Amino acid sequence: EPEVTQTPSHQVTQMGQEVILRCVPISNHLYFYWYRQILGQKVEFLVSFYNNEISEKSEIFDDQFSVERPDGSNFTLKIRSTKLEDSAMYFCASSEGTRQGQHFGDGTRLSIL
Amino acid sequence: RKEVEQDPGPFNVPEGATVAFNCTYSNSASQSFFWYRQDCRKEPKLLMSVYSSGNEDGRFTAQLNRASQYISLLIRDSKLSDSATYLCVALYNFNKFYFGSGTKLNVKP
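Chains A and B supply the protein sequences, listed in that same order. Letter by letter, the first sequence follows residues 1 to 113 of this note's numbering. Letter by letter, the second sequence follows residues 114 to 222 of this note's numbering.
Hints listed in this document are in silico derivations from the structure and should not be mistaken for laboratory results. Heads up, a few of these hints could be off.
Calculated Cβ distances over 10 Å to all of chain A for the following chain B residues [to be verified]:
| hint | residue |
| --- | --- |
| 1 | 120 |
| 2 | 124 |
| 3 | 125 |
| 4 | 128 |
| 5 | 130 |
| 6 | 131 |
| 7 | 161 |
| 8 | 172 |
| 9 | 173 |
| 10 | 176 |
| 11 | 182 |
| 12 | 185 |
| 13 | 208 |
| 14 | 215 |
| 15 | 219 |
| 16 | 221 |
Selected chain A positions facing chain B (in silico; Cβ < 7 Å) [claimed, not checked]:
| hint | residue |
| --- | --- |
| 17 | 43 |
| 18 | 48 |
| 19 | 53 |
| 20 | 96 |
| 21 | 98 |
Keep in mind it's a predicted model, so treat the numbers as computed, not measured. Think of the CB as a built atom: it goes at the ideal place given N, C-alpha and C, for glycine as much as any other residue.
Could you put together the complete structure from these sequences and hints?
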């Protein structure tokens with residue numbers, strides 16, 4: 001069964017550093033998403049991406065965040081200057097359409113020191 | 114105000130029991146709804162979409178009540194492997210998904 005893959009599984013970064021989280025969505029999916037989940041809290045929507053542009057973003061997704069689909073297969077989330085409160089599990093997801101359910105990758109645990 | 118609200122539980126039930134979860138949503142313009150399950154420290158996994166007419170997938174039945182703005186999930190004949198956190202999800206603006214905080218289910222032998 002096709003799956004969404006994310007790398008790395010765990011990223012440790014110093015506060016203030018830039019970090020890039022990578023995702024390879026399922027190949028025939030057209031919609032891509034990033035979510036985060038702080039330990040013990042709910043899954044929070046960050047951004048959705050379709051047709052090479054952001055289609056929706058949440059209040060969390062401020063100027064420090066950006067997304068890119070650089071080569072037609074990877075989908076990346078960049079955090080420019082990380083803060084302690086960015087420590088969380090970051091999930092990438094993809095779907096065929098907006099009304100179909102999403103398939104999630106197994107996440108990148110981001111730890112900011 | 115929470116967009117999607119769920120009873121956090123935990124619901125502790127014996128194997129073979131029937132258990133039901135409800136979830137309420139605040140925005141009447143939401144277009145689609147889903148149930149996911151999440152095991153501890155794992156990614157959410159799609160369980161089922163929720164259709165207006167209600168839908169069933171094996172032991173799982175989902176229903177939507179737009180008038181009262183809630184969705185439900187019924188699990189029949191609970192198995193130990195059903196133990197997880199069940200997440201209710203609502204779609205707004207065709208591209209923005211709101212997750213509930215989840216309802217924890219413990220199925221005991």
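The hints, checked one at a time:
no.: 1; hint: 120; in the structure: 14 Å, holds
no.: 2; hint: 124; in the structure: 18 Å, holds
no.: 3; hint: 125; in the structure: 20 Å, holds
no.: 4; hint: 128; in the structure: 27 Å, holds
no.: 5; hint: 130; in the structure: 26 Å, holds
no.: 6; hint: 131; in the structure: 24 Å, holds
no.: 7; hint: 161; in the structure: 8 Å, violated
no.: 8; hint: 172; in the structure: 18 Å, holds
no.: 9; hint: 173; in the structure: 13 Å, holds
no.: 10; hint: 176; in the structure: 17 Å, holds
no.: 11; hint: 182; in the structure: 19 Å, holds
no.: 12; hint: 185; in the structure: 17 Å, holds
no.: 13; hint: 208; in the structure: 4 Å, violated
no.: 14; hint: 215; in the structure: 7 Å, violated
no.: 15; hint: 219; in the structure: 17 Å, holds
no.: 16; hint: 221; in the structure: 23 Å, holds
no.: 17; hint: 43; in the structure: 4 Å, holds
no.: 18; hint: 48; in the structure: 4 Å, holds
no.: 19; hint: 53; in the structure: 11 Å, violated
no.: 20; hint: 96; in the structure: 12 Å, violated
no.: 21; hint: 98; in the structure: 5 Å, holds
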